[in-house]
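**Q** Line by line, the protein sequences give chains A, B and C. Position 222 of the first sequence, counted from 1, bears residue number 222 in this note's numbering, the numbering being contiguous throughout. Position 140 of the second sequence, counted from 1, bears residue number 140 in this note's numbering, the numbering being contiguous throughout. Position 99 of the third sequence, counted from 1, bears residue number 99 in this note's numbering, the numbering being contiguous throughout.
Derived by calculation from the structure, the hints in this document are not laboratory data. Hints are supplied without guarantee of correctness; some may be wrong.
To be verified - List time: in silico SDA-like cross-link candidates among lysine to any residue, alpha-carbon distance up to 20 Å:
1. A:Lys-89 / B:Glu-328
2. C:Lys-70 / A:Asp-192
3. A:Lys-295 / B:Pro-118
4. C:Lys-94 / A:Arg-177
5. A:Lys-195 / A:Pro-279
Stated by the list, open to error - Which stretches of chain B does chain A cover? Using the computed rule of at least three CB atoms under 8 Å from a CB of chain A, they are:
6. 118 to 126
7. 257 to 264
All values reported here derive from a predicted model rather than from experimental measurement. Just so you know, even glycine gets a beta-carbon here, dropped at the ideal spot from N, CA and C.
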Amino acid sequence: MFSIEVIIDAITFSNLIIALAIGLTLTYMTLKVPNFAHGDTAVIGIYTAYTLTIMLGIHPYASMPIAFLLGGALSIITYILVYRVIGQKGGSITTLMIASIAVEVIIRSSLHIYADIMPKITSTFFRGFTFSKYDFSIPIGEATLPGVLIVSTLTITGIVVSLYLFLTRTKFGTAMRATIENPSLASTLGVDVEKVYLVSWFLAGGLAALSGIFLAFQIPSDPESGWGLLLRVFAASVLGGLDNIFGAVLGGAVIGFSEILGIYLLSKPPIGLSPAYRPAIPYLMFILVLLFAPKGITSINLKKLLGGEEKK
Amino acid sequence: MIDILRIIVDFTAFYSIYLMLSVSLNLEYGYTGIPNFGKVMFFAGGAFTVGAIAGRMLAPLAGIDLSKLDYCMNNVYVGSLVSRYLAQHAGLALAVFIALVIAGSLVGAFLGWLASYPSIRLREDYLGMTLVVSGELLRIVSLNYDPLVCGTFGAKTPNPFSFLSGFAMDFTRSAFMFTIAMLTWLIVGRLVKSPFGRLLKAIREEEEAAEALGKDVVKVRMKVLMLGSAIAGAAGALYAFYIGIVHPSDYAPLRTFIVWVMVIIGGAGNNLGAAVGALIYLFVDRTLAIAKTYMPVLPFDLNYLTYVFLGIILILVLIFKPEGLIPESLEVREEIREEASQ
Amino acid sequence: MPLLMVENLKAGYGKLQILHGVSLNINKGEILSVIGPNGSGKSTLLKSIFGLTTIFDGKISFKGEDITRKKPHEKARMGIAYLPQTDNLFTKLKVKENMLLAGYTLSESEYQERLKEALEFLPQVKEFWERKVWTLSGGERQMVSIAMAVLRKPELYMLDEPTAALAPKIARTILEKIVQLRDTFGAAIILVEQNAKAALKISDNTLLLVAGKSVFQGSSSELLQNKELAQMYLGVK
């Protein structure tokens, strides 16, 4: 029913959404605020890699660590300068969301300015570029596996596994989960809550910027790419319940696959829908999730499997 | 002289539109606490109503057979013929104008009802996200579904004031728009001072307490979102007529952001604040637009820099003056809190 | 010198004052029950001592040191354990993870040593060691939260209605454990209890709060002898 190319596309795209949903969920769990600038942080990663490729000839994959650090740093800076300050002044969740939208507009507009100026310096396009010509590929039988499939799958798997080990097997990881559930109790036990938040925001931003690079291997990118990504990540995270990392992994996979496989099926006869409707699939799913499972997929499973009700 | 008058008239038209948007968001967020991050969707709903109906409906009257030509490919041509026809029929033109503004507000209200359906019971973060996503969904559909507003072509809207010309036309049009906006502002101003307005604030302050008083909070919030969206829809219809073309990409989320800037800077929960916020924003925006023509060529689009500054200003206001320039009366706030907590 | 001394404490939340002058003393190895009608400020008193409210006036000293303005985590480190009525455990975490967090500031060897002690004191906790807290019953949860406190070896325990919503039999077990806390570790315990009679039975001293003021502090038998107070607040005829 699906060609190998479509499946490859779906896996690669899901990897990206999963990585972003993990980060969004992580920061949501700390402040209970959806970070509207999360998609733009991914685009920061793309532009970091692109700039390094154009100016210094560094391969986009080699830029991943730098993008990670930069995205993490930016995320921490916005947390310290904006969200923490407003939170300490008793700002409501809505106030924090407005601030988050403001941060989003600032980052996106700054990227636009950057994309306006850079071509004059480098004589290269800074909008609508892709990394596909830098990618490698591995032929297997009749199919060719693109490098981004392999690299992104390995990277995301590695991140999910190490995050799992970090959160469940280390003392600080346990403290992070504890702080997310009940910050005041954690602080009375001597946990440095502030440090936990900083680490969460750093990881979220770093992960976003790093995985953003994968997007540019698949589709042309520009400063607006982050906004479209963000809404898909909202869908994935809400589907995952917004209260645990592993829900985010599941939500990311469901949204990523539905979008790619869904538009593939819908654009073929007899329906023949224009592929331009592609983003409508995750957006519609977001609304359906709110209607039928507002607490996310994992909440349904848990109750049924364990027969218990989670108390708050 | 006429130049300055033209600037003022143009300013008034834009101000009318933004005043309505700002008043509606203030009603939703400032008074009721609904974080409407999808304002642009309802604005677009009104504009799309005009874009989708006006040209197609009036074309036969202007002697055009739409079954013989592709409306979207020829809609600019059709639009100008319709405008020429309306120039001869002033009464009909004004009736169409009023009817479509009302239709726009009804579509806005319907979209408000639709959007509130899955989400109004949810917490404000989920509600905020839902409204953003719904707005984008509408934009994607409108960009690709030609029977609405001709997708990426855009749909030309006829000019209902074409029976006049030159400055007289601009002046009359702005006067109409300003009257509608002022009426909206006054009506909302009375509404929020009424017992219903106090109920809204009680809901914002203490949702559970208001519920305990026997008020159906969900229903009230739905009503407010519908009313706010009706106002935004009317503003969208006015905008569509004023600009003369409806293009889906014009209804991007940045518009929502701008309305939030107005409400937060002006002072949420204060009807005068909404009016002042819109005035300040528009003054800055128009001044920059005029200044841009006199400035040396920058290596980037000045609009982006404006957005960066607006974002920074918004954050600074949220941190240092979260109540805005014209704060909500504190006494009323305290009273409401006390009533609600009893 | 008493272990903890509270003098004329006035405190509340924001502008709202709830405590209008509370004084109390507690020594090592003593159980002090705080009783009083609903809304008299019992829970607020514990929160205020631990630094979770706004203090308007008064003085709190612990081991002779003024701790009135100290932050909760500083007080925790000085040896005060506060067990709120609810939210005293991480429900999404396993019991063993909760214990690990109780010993968050300890070194690994210190933690193992204390853990052994705590589990000797409350061996039941081992039975649900690997379970997530939200799957535990109310009594089991209370055991875990006491074990977490024991692990930190505090000199003063402040327990806010530890038997609330528990079946009578389990409530008795918990109260027995509280007595053992005093006898085994020589700890001082401030106990807020809805069930005044049960509390009086196990406590050395009693503090009676009415409308945010301390009206009586003395031995529990003295309170029972005071006909007027006993009748009004304990239902003794």
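**Q** Given the hint that A:Lys-89 pairs with B:Glu-328, test it: the Cα-Cα distance must not exceed 20 Å.
**A** OK: A:Lys-89 and B:Glu-328 at ~18 Å, within 20 Å.
**Q** Taken at face value, is the distance from the CA of A:Asp-192 to the CA of C:Lys-70 at most 20 Å?
**A** Answer holds: C:Lys-70 to A:Asp-192 is near 17 Å, not above 20 Å.
**Q** Check, residue by residue, whether the region 257 to 264 of chain B contains three or more positions whose beta-carbon lies closer than 8 Å to a beta-carbon of chain A, and give the verdict.
**A** Coverage by chain A holds for the region 257 to 264 of chain B (3 residues, Cβ < 8 Å).
**Q** Taking a Cβ-Cβ distance under 8 Å as contact, does the region 118 to 126 of chain B have three or more residues in contact with chain A?
**A** holds (count 7)
**Q** Quick one, are C:Lys-94 and A:Arg-177 close enough, alpha carbons at most 20 Å?
**A** At roughly 11 Å apart (the allowed maximum being 20 Å), A:Arg-177 and C:Lys-94 satisfy the hint.
**Q** Can the restraint linking A:Lys-295 and B:Pro-118 be considered satisfied, given a maximum Cα separation of 20 Å?
**A** 13 Å, holds
**Q** Given the hint that A:Lys-195 pairs with A:Pro-279, test it: the Cα-Cα distance must not exceed 20 Å.
**A** 37 Å, violated
Checked against the numbered hints listed earlier, the structure breaks hint 5 alone; every other hint is satisfied.
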